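**Student:** Next come the chains, spelled out residue by residue.
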Amino acid sequence: MNPVNSLSGPLADPAADAGYAAGHPPRVGFFTDTSVCIGCKACEVACKEWNALPADGVGDHGAAGDVLGLTGMSYDNTGGLGASTYRHVAFVEQRVPARDSAPVDLGMPSTDLPGAVQPGADREDATEVRWLMSSDVCKHCAHAACLDVCPTGSLIRTEHGTVLVQEDICNGCGYCIPACPYGVIDQRQGDGRAFKCTMCQDRLGAGLAPACATACPTESIRFGPLDELRERADARLAELHDRGVGEARLYGRDPDDGVGGDGAFFLLLDEPEVYGLPPDPVVTTRDLPSMWRHAAGAALAVAGAVAAAFLGGRR
Amino acid sequence: MSAPEHRTATGAPRRRHGGGRGKGRGERLMVPEAEFTSYYGRPIIKPPVWKVPDVPAYLYLGGLAGVSAPLAALADLTGRPGLRRLGRIAAAGGATASVGFLVHDLGRPTRFLHMLRVLKVTSPLSVGSWILAPFGALSGATAAAEVLGVTPRLARASGLAAGALGPALTTYTAVLVADTAVPAWHEGFRELPFVFAGSALASGGGAGLLAPGDVTPARRVAVAGAALELAATAVLERRIGFAAKAYRTGRAGTVLRAARAGTVAGALGALASGFLRGRRGRALGAVSGLLLNAASAATRYGVFEAGMASARDPEYTVRPQRERLEARRSG
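Line by line, the protein sequences are chains A and B. For what it's worth, our numbering labels the leading residue of the first sequence as 1, then goes sequentially. For what it's worth, our numbering labels the leading residue of the second sequence as 1, then goes sequentially.
There could be a bad hint or two in this list.
[Said to hold, decoys possible] Far from chain A, by Cβ distances over 12 Å, these chain B residues were calculated:
| # | residue |
| --- | --- |
| 1 | Ala73 |
| 2 | Gly93 |
| 3 | Ala144 |
| 4 | Ala145 |
| 5 | Thr151 |
| 6 | Pro152 |
| 7 | Arg156 |
| 8 | Pro167 |
| 9 | Ala244 |
| 10 | Arg248 |
| 11 | Arg251 |
| 12 | Thr254 |
| 13 | Ala258 |
| 14 | Ala265 |
[Stated by the list, open to error] Each pair of labels, with its calculated beta carbon distance range:
| # | chain 1 | residue 1 | chain 2 | residue 2 | range |
| --- | --- | --- | --- | --- | --- |
| 15 | A | Ala12 | B | Glu323 | 37 to 45 Å |
| 16 | B | Ser330 | A | Val36 | 28 to 36 Å |
| 17 | B | Gly331 | A | Gln189 | 43 to 51 Å |
| 18 | A | Asp254 | B | Val52 | 35 to 43 Å |
| 19 | B | Val52 | A | Trp131 | 37 to 45 Å |
| 20 | A | Gln201 | B | Leu154 | 46 to 54 Å |
By construction, these hints were calculated from the structure, which means they are not laboratory data. Source: prediction; values computed, not measured. Note that CB positions come from ideal geometry on N, CA and C, so glycine has one too.
Chain A on its own, in the form it takes in the complex (with noise of 0.2 Å):
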């Protein structure tokens, strides 16, 4: 086991590294195409009924919220992953310049007023309105902070190198929660212990895919061991890219990234902070080990100054 790996850059088997044997099952993951995300929340219940989650409101989670549990600010009123909220499909409305446009017919009516843009006209003023909708989820990192930081190992790594809270050991500490570089875990009021995505642990042990993942009806949500993924998201980012689809990218899917490669990852179609993903995440622990080495001096400095203190005669 290579102890720096264990902490940041390309990690294969996230499983192993953690000890399970060889012959472990193959770490799965997680393929969002948001391209073909219709927003229609199927994931988000799907993931309530299986887990039987209890209801939360958007007021849970940071937004202001109204007495209907509305944010206000979109079709979006989940307003975010949380503790009983695994699942979260984030809407963003945009006005973009209409040349830019996905040149997708989807046969829907449409939202402008009519004539507002003419077919074949000069397009180069013209705006349309663009929907992005996303289902976000736990992104299962290959080196997960809140996995490193639980005091109480609670968080751990599963045989199919996913992450886990153990509830039964979780004793609500919160350490987990700003740890996470992508807001993900979080506690549950009136509970106290910590929350998030188990990728369906249960469902998987008896090979069936989680919960969101089969409830999606655009196939948008792709659940199979992660090269495999990784292989077909390569072939639909190089065909939307053909398609002239230039905006679209890959979240998350690299290895070499800050968390050592998602095992959820994204195919996006905007800046991962519009949909309010950080651009550039790295796993905290990191750094843990220059973190250690300041805290170490700084002890010597605090153990230095008090025996130096006492140097010299008395008045």
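Fit chain B to the supplied structure of chain A, relying on the hints for placement.
**Tutor:** Frame of chain A, contents of chain B only:
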């Protein structure tokens, strides 16, 4: 594969910076600040669920106890019974209260012993629990012997052991907060241990000034700690880039400015008390010691608040990452 060209999407929620929030403190930006994008201004990382006063108090008391223990141990060896007695009680009291605040902050307080279920070097809270637990036991036994006036030799041994653990107790908490995705804390991971070390020395030394008898070592510790805390904080704010704003603005900025004033005044008072004879010197020392402790607690609270502010505002997360990304792309 080539990086996709960045495009301006006018409909996405954007915010221009440099105006609008905060009081213009007379600084004019020579370069227009870049726009940054977020998802309806919502935080990207989850702000810590750690409560006030639990966690700031836990940080402060750990520092107070961690310095009081070696101070008491050396006072014992050098024959300063007043300083020894006060240091032992402060170490045990600080450690006990610190544990109390830590347990109270847990979502499941009855499971506090799970903290000692494993020892994980990747978890500063696990390492810290394994420092705090023996420190608490040793300093508690030492203080009990001191108060009861029994087994002075055993108390000397346990006091020395607690004193050896003390310095680690003062700085692991800096790693605890820095080992998060909270920008104001993580970016300061090199400087925060020294800020906390200085703050701990100031409070432990300051507490020692309340002791009867010769308190010269406590005075030196307090003044050195105040100097270290001020210097380390100045370096922190200069070196951590955009995240420094969290330490200068809002509630954190106000609290930290007050803490700095208190530290300066307390250190000067402590220094001056060494030149005054008799009761006036003692009184000035005691007031300065209390002031240093208040300032130390305020420093911890200010650092805590700076982290919370930087977690709530997505700009602290997005901007440095975006700049890092652009720098990497351009070569």
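**Student:** Measuring Cβ to Cβ, find out whether Ala265(B) lies farther than 12 Å from everything in chain A.
**Tutor:** holds, 21 Å
**Student:** Run the C-beta distances from Arg156(B) to all of chain A and say if the shortest one exceeds 12 Å.
**Tutor:** holds, 15 Å
**Student:** Using the Cβ atoms, figure out if Gln201(A) sits within 46 to 54 Å of Leu154(B).
**Tutor:** The hint (46 to 54 Å, Cβ to Cβ) holds, given that Gln201(A) and Leu154(B) are roughly 51 Å apart.
**Student:** According to the definition I'm using, a residue is off the interface if its beta carbon is farther than 12 Å from all beta carbons of the partner; does Gly93(B) meet that for chain A?
**Tutor:** Answer for Gly93(B): holds, closest chain A Cβ roughly 18 Å.
**Student:** Please settle this one: Arg251(B) was flagged as non-interface, so is its CB more than 12 Å from every CB on chain A?
**Tutor:** With a cut-off of 12 Å, Arg251(B) remains clear of chain A, as the shortest Cβ separation is near 18 Å.
**Student:** Cβ-Cβ distance between Ala12(A) and Glu323(B): within 37 to 45 Å?
**Tutor:** violated, 30 Å
**Student:** Taking C-beta pairs only, is Ala244(B) more than 12 Å away from all of chain A?
**Tutor:** holds, 18 Å
**Student:** Measuring from beta carbon to beta carbon, are Asp254(A) and Val52(B) in 35 to 43 Å?
**Tutor:** Hint holds: Cβ distance 39 Å, inside 35 to 43 Å.
**Student:** Per the hint of 43 to 51 Å, is the separation of the Cβ atoms of Gly331(B) and Gln189(A) within bounds?
**Tutor:** holds, 47 Å
**Student:** Over 12 Å to the closest beta carbon of chain A is the bar; see if Ala258(B) clears it.
**Tutor:** Label holds. Min Cβ-Cβ 24 Å, cutoff 12 Å.
**Student:** Say whether it holds or is violated: Thr151(B) keeps its Cβ farther than 12 Å from all Cβ of chain A.
**Tutor:** holds, 24 Å
**Student:** Compute the least Cβ-Cβ separation between Ala144(B) and chain A, then decide whether it is above 12 Å.
**Tutor:** holds, 23 Å
Violation of the numbered hints given earlier is confined to hints 1, 8, 15; the remaining hints are satisfied by the structure.
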